[in-house]
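Peer 1: Residues per chain, in single letters:
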Amino acid sequence: MNDFWNWDHAAAVFPSLIKGLGVTVLATVIGMVIAAILGLLVAIVRRSGVRAVTWPVGFLVEFIRSTPLLVQLVFANLLFTQFPSLAVGCAVLGIHYATYMSEVYRAGIDAVPKGQWEAAVALDLPRGRTWRDVILPQAIRNTLPGLGNYAISMFKETPFLAFIYVVEMYAAAQAYGGGNFRYMEAITLAGLLFLLVSYPTSLLVRRMENRLA
Amino acid sequence: MSDNLQILVDLLPRLGEGVLVTLELTVGGAVLALLVAFVLGLAGRARTRWARVPSRVVVEFFRGTSLVVQIFWLYYVLPLPPFYVELDPLACGIIALGLNYGAYAAEVVRGSINAVPTGQWEAATALDMGPVHRLRRVILPQAWPLMMPLFTNLLIQLVKGSALATYVSLHDLNFFIGELRKGTTETVFAYTVGLLVYFAIAYALTLVMNALEARAKNNVGQGPSLREILRLTPARVDTAEVRP
Amino acid sequence: MPDTATKPAIQFQGVGKRFGDNVVLDGLDFSVAAGDRVTLIGPSGSGKTTILRLLMTLEEANDGLILVDGVPYTHEMRGGKRVAIPEKRRSLVRRRVGMVFQQFNLFPNMSVLENIIEAPIHVLGVPKAEAIAKAEDLLEKVGLADKRDARCTQLSGGQQQRVAIARALAMEPEILLLDEVTSALDPELVADVLAVLRNIAETTDITMLIVTHEMQFAREVSNRVLMFDGGKIIEEAHPEEIFTSPKHERTQEFLRAVL
Ligand SMILES: Nc1ncnc2c1ncn2[C@@H]1O[C@H](COP(=O)(O)OP(=O)(O)OP(=O)(O)O)[C@@H](O)[C@H]1O
Ligand SMILES: [Mg+2]
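Protein chains in written order, with the numbering used here: chain C, 1 to 213; chain B, 1 to 244; chain Z, 1 to 259.
Take the hints with a grain of salt, since some may be wrong.
Unchecked claim - Cut-off 20 angstroms, straight-line C-alpha distance, at most; resulting in silico cross-link-like pairs (SDA-like, lysine to any residue):
1) C/K114 x C/I44
2) C/K19 x C/N180
3) Z/K128 x B/K217
4) B/K217 x Z/A145
In short, the hints are calculated from the structure, not lab data.
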């Protein structure tokens, strides 16, 4: 029985896991802020209708979205050695998820009834004001569940940061495992901590989805 | 630059091997995921709690605990006591990818089956079809086209997730990028080539999946057939068929 | 007049049906003799569809018994207790009952012919060649012989509904349930469907239970009309009688509104 699960190891690794969890949550929050802002900009730019802009942006979004986050992280970390890995990691997470978020915004903007645009034109509102005061407030409401779902998804992908030497939760678990030749408690606990945070959050998001639907 | 290209050409066989490993992970993972998805998805809408609850627990567990943790749990924990199960690294990757994305796909299966109009279930019941017959011949053929676009998304995610394989000692495409970088000492060149190959794989898979989706849609009477799409001439719209 | 020596084809004995607090049927008793063509009329929401769905086991009654040919169908009394009949035995009765839906509900993943032969082959075990021959006959009968291999989605609503009728008839039902089968159709397509049904009424002895807003059709086809309101049958008569001189005040009101 002691072979299977050793509480001493579990207790020993726990503090560093919690510290790692802090880094994980921090990276998720910063990454998601970047994704939310950048994604909105991308969505607006892609709606501009100017081919010379929409085409390259469209390609870049497609490219970033369909290539591995892990490879992007390692690449960026090799390129920008002057910045701390955590900063590079947050930026890459943010940019990668901005490509997802831009789709969420696009759908949200499309869901605003056409009559709203027409009404804004009828009132002679300038385009910037139409966006800021009429369209976005309505669109963003629709995008909240998407934002929540991607935040959860990013949270579960932060362990990729371990491969650019950021000591988040998984890296902490692995370090303990490697140091003590005892992976069972460390990695299992890390997984359970991910579940412990992500599952209740996803229940909240689902409730929000149902309320908005 | 031409030196780099020369090195790339010299390394082409290795690139081929890397792509092959990535594709093995992708196909293996996708097949396992599909299996897991149908088992868990169907169990998730069973009438008895004894099937529904375990299915939900497994789905939430694999969705909630992070792919990275799962793959390394298989890689580091299983070979040690008390398990002593030493998995082949490829199996390790395929199982982790299959279980993780299978859990996501199970929700797709469940949702798509629920989205088939109730009238179809009722018509099948009115013809006295049993539950298995009804599911196999009426419901699943209609749920399938609803699943396809979501499966395509998950498949691309799976390809991206497969890059983890490098860290369980597999020589996949991600591993090859590292080799190319060492060979050329050009980070930007190596990663640009590598990411482009990933992009090409994802793009090709998307095309295949879109074709399958079109076929699935056509099978339930929506949209043109695959042959019409491939012919590239606009399909003849037979309006005479619509009205007597 | 129904033959008293034979068991009624359909018999409701004190059937109750609730949706939550909404009592739709309350101790409903009525019976339909074999070969009868009965039309159910009544205000919207009175429970006409619910009666048909109970007969198709698409809903489960809360009280009472439903009998087909005198045999308990969904529930039976055993030792003074009302117990559910297992699915295997229900199935044997259910295959003798056919239903045509308001929304047709053809299977879009099958051709017209496949829709018709699917259940005869795989439920009744009819040999394929025989099922196809039968299906072709039925398609002839509903005037769609040339649509044999068409996709259902390419047919008009009226054509789809005629295929749905053929599909139900392919099971050789003894009882056919028709729930507002023309009300999802454009007006100009209604006549074809009604003609098919009239033909079935004339050439077969299938027991028919019809819910319709087409009073003229009810008059031509049915030999009994049940006026349904407040979870009960409040009037029942021959169509000529009920349409020309309804007795119950609610029936008069209802007919004034729809005729
Ligand atoms: N699945 C259900 N869940 C809850 N209530 C239901 C359900 N099906 C029917 N009802 C309720 O039962 C009552 C009877 O419905 P039913 O469809 O049988 O009426 P109907 O006589 O066929 O009406 P209509 O002429 O409009 O078709 C209605 O009040 C309806 O709201
Ligand atoms: Mg009704």
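Peer 1: Any of the earlier hints contradicted here, and which numbers?
Peer 2: Result: hints 3 and 4 break, sorted rising.
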